[in-house]
Amino acid sequence: MEIRVRLYGTLGAGLAAHDPIKGLRLHLPEGSDVGDVIERLEIPRKKVGIISVDGSLAKDDSQLQDGNFVRLYRPIFGG
Amino acid sequence: MKFLKIDMATQTITTEDVPAEYAGLGGRGLTSIMINKEVPATCDPLGPENKLIIAPGYLSGTILVNSCRLSIGAKSPLTGGIKESNVGGTVAADIAHLGITAIIVEGKPSNSEAAYLLKIDADGNAALLDGSAYKGLRTYELVRQLKEAYGEKNSITCIGPAGEFLLTGASIQTTDADGRPCRAAGRGGLGAVMGSKGLKAVIVDRGGKATDALADADVFKASAKLYAKAVRDDDFTPALAELGSAVLVAPINAVGAFPTRNAREGQFEGVEKITGETMAEVIKKRGGKNAHMGCAQCIIRCSNEYVDEKGDYVTSSLEYETIWSMGGMLGNDDLDSIAKLDFLCDDIGLDTMGTGVAVAVAMDAGYKSFGDAQAAIDMVEEVAAGTEMGKLIGNGPGAVGKHFKHDRVPVMKNQSMAAYDPRAIQGMAVTYATTPMGGDHTAGWVVADNLEDFGGTLDRFSAEGQVENSRKSQLHMAAVDTVGICDFAQSGFGAGLDNVCKMVAAKLGKAFSEDDWAALGVRILKAEREFNRNAGFTNKDDRLPKMFYEEPLPPHNKVVVISDEEMDKTFDF
Chain A
1 MEIRVRLYGT LGAGLAAHDP IKGLRLHLPE GSDVGDVIER LEIPRKKVGI
51 ISVDGSLAKD DSQLQDGNFV RLYRPIFGG
Chain B
1 MKFLKIDMAT QTITTEDVPA EYAGLGGRGL TSIMINKEVP ATCDPLGPEN
51 KLIIAPGYLS GTILVNSCRL SIGAKSPLTG GIKESNVGGT VAADIAHLGI
101 TAIIVEGKPS NSEAAYLLKI DADGNAALLD GSAYKGLRTY ELVRQLKEAY
151 GEKNSITCIG PAGEFLLTGA SIQTTDADGR PCRAAGRGGL GAVMGSKGLK
201 AVIVDRGGKA TDALADADVF KASAKLYAKA VRDDDFTPAL AELGSAVLVA
251 PINAVGAFPT RNAREGQFEG VEKITGETMA EVIKKRGGKN AHMGCAQCII
301 RCSNEYVDEK GDYVTSSLEY ETIWSMGGML GNDDLDSIAK LDFLCDDIGL
351 DTMGTGVAVA VAMDAGYKSF GDAQAAIDMV EEVAAGTEMG KLIGNGPGAV
401 GKHFKHDRVP VMKNQSMAAY DPRAIQGMAV TYATTPMGGD HTAGWVVADN
451 LEDFGGTLDR FSAEGQVENS RKSQLHMAAV DTVGICDFAQ SGFGAGLDNV
501 CKMVAAKLGK AFSEDDWAAL GVRILKAERE FNRNAGFTNK DDRLPKMFYE
551 EPLPPHNKVV VISDEEMDKT FDF
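Those sequence lines, one after another, are chains A and B. Position one of the first sequence corresponds to residue 1 (this note's numbering), numbered consecutively onward. Position one of the second sequence corresponds to residue 1 (this note's numbering), numbered consecutively onward.
Any given hint could be a false lead.
[To be verified] Below, simulated DSS-like cross-link-like pairs (lysine-lysine); rule was C-alpha separation at most 27 angstroms, straight line:
id	chain 1	residue 1	chain 2	residue 2
1	B	Lys284	A	Lys47
2	A	Lys59	B	Lys273
3	B	Lys153	B	Lys209
4	B	Lys221	B	Lys510
5	B	Lys472	B	Lys229
6	A	Lys47	B	Lys225
7	A	Lys22	B	Lys225
These are computed hints drawn from the structure, not numbers from a lab.
Whole structure, please, built from the sequences with the hints as guidance.
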């Protein structure tokens, strides 16, 4: 299946294939979950904060389907 | 360690040593404790009894990175209670470098048309000059003229037309490291207090060489080094440099806490056009600046310079809260108009947050349509034009709501909410409701604590643990605001709270422990609460507007679930 991934904050830094606005497309085996995406992109798990799939909050073990749009956000501190 | 006292009634200036009772204080600790002691709580905030206290943080002016924060305190004409408004730029260090602990502006001129400049030279000598030639000027033109008259090597802290009109949404602006009046002590209407005292601008020479001596410079230096390393090594620092505070737009919207269209929803369908990521790309493409240094001694550089399609300057720095107040809160997804609104507020001297929410209430009441960015720009321009509508917008969302008899006015103690909806982050409900400052997010920012995905341990939809957590945060922030450390540099505390206490002790010349830090926070909150009580506030003022308890916020459809009894436990000490 093919999914789209967008990395927010500085998560995409160092990933040449990742366009900061458009993200990137990923081919994954059937039955993959969000955790597999994070591993595949070689992002240290602790750098990932919020996860959403097609706009709804999700977790590492959320199962993915063809055409899903996965968004990963980094932890924040702020004002 | 001097107080500079400016009597605006007689236009006399006196210098005195800092009295023993205020020893060891700076920033918010100094302003709040002094206001509680010396300003009658029932006074007219725009009258002669109010004081405008301008105080660098206790550690401002030292070599510590990110320590250039100024606290401006007074009785607020917006909330009717105590106010500390906090701003960066360079002025906190400039004042501290002159050996001045606080500038205390008292009284008011008998001639209500009078306008003065307060000028402080490199030797710390102060003079009140005739400012009538500068009356009515917007801040960018004012700064241009003052630099021409008095030279480039000054920081300028000033009001625009909004402050001169005594509007309760008026800010005090100060110049950034590039000399633009784009840093704002925005909240609480202190621009009106400054205007009521006939003070148009404070001009401070940036070449002071009389910084208070440290009791132990070597210990200070060692701790400062550890602090800087912790900030540099923190994972969030490069994100702030690259995207600014706007890095918050995307994740806060993702969790459904981004108040949209006067807080009718928690997610904005147009958010992608106004995220920090989008803003950074636009700036890069057009030749503006990211990772811009706005404040003295900053090693984070969260500021930016936003430019238009031709590459011409529009504004600096475009922050999360403004992108929210002029963007999501108005249903406006046009970044260029948001940047223009940011500039207009800086230029006219208005709090971007309260002004955006004022426009949002007007739109929600049907005056104009959500998403009509031009209407928003027109409304803000009307503030400078002095029209009836302009006065309402300039006086903030409470005034607008009252005028339109609208029942959806998101204010606490008459100050607008910030860019986190309390229905989606219950911890912020406690902070907004209970901080003596009114709807203030930095007073007790508990967002990360409420988000499991950010390592938080509190359930953001539950009341459990929220009161204790907000209290802890509020007490800690009061101390942070006293020493003058930037909110975004709190990563430096990763080297230990005791490391920061060591720096305080190294300046003070006596022991200052973590217990003293905690006691400082308690002392400040007690003073602020006492002032507010004496000003007539009761526990009924530690509540949120009805809409937050009754209207479920999409997409999660929750309401605020913190009970009144629990709210009242926040300051149970």
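To see whether the hints hold, each was checked on the structure:
1. Lys284/B with Lys47/A: Roughly 25 angstroms separates the two Cα atoms, so the pair holds.
2. Lys59/A with Lys273/B: holds, 26 angstroms
3. Lys153/B with Lys209/B: holds, 14 angstroms
4. Lys221/B with Lys510/B: The given pair, whose Cα atoms are some 17 angstroms apart, holds under the 27 angstroms limit.
5. Lys472/B with Lys229/B: holds, 26 angstroms
6. Lys47/A with Lys225/B: holds, 26 angstroms
7. Lys22/A with Lys225/B: violated, 40 angstroms
In the structure shown, a violation is registered for the earlier hint numbered 7 alone.
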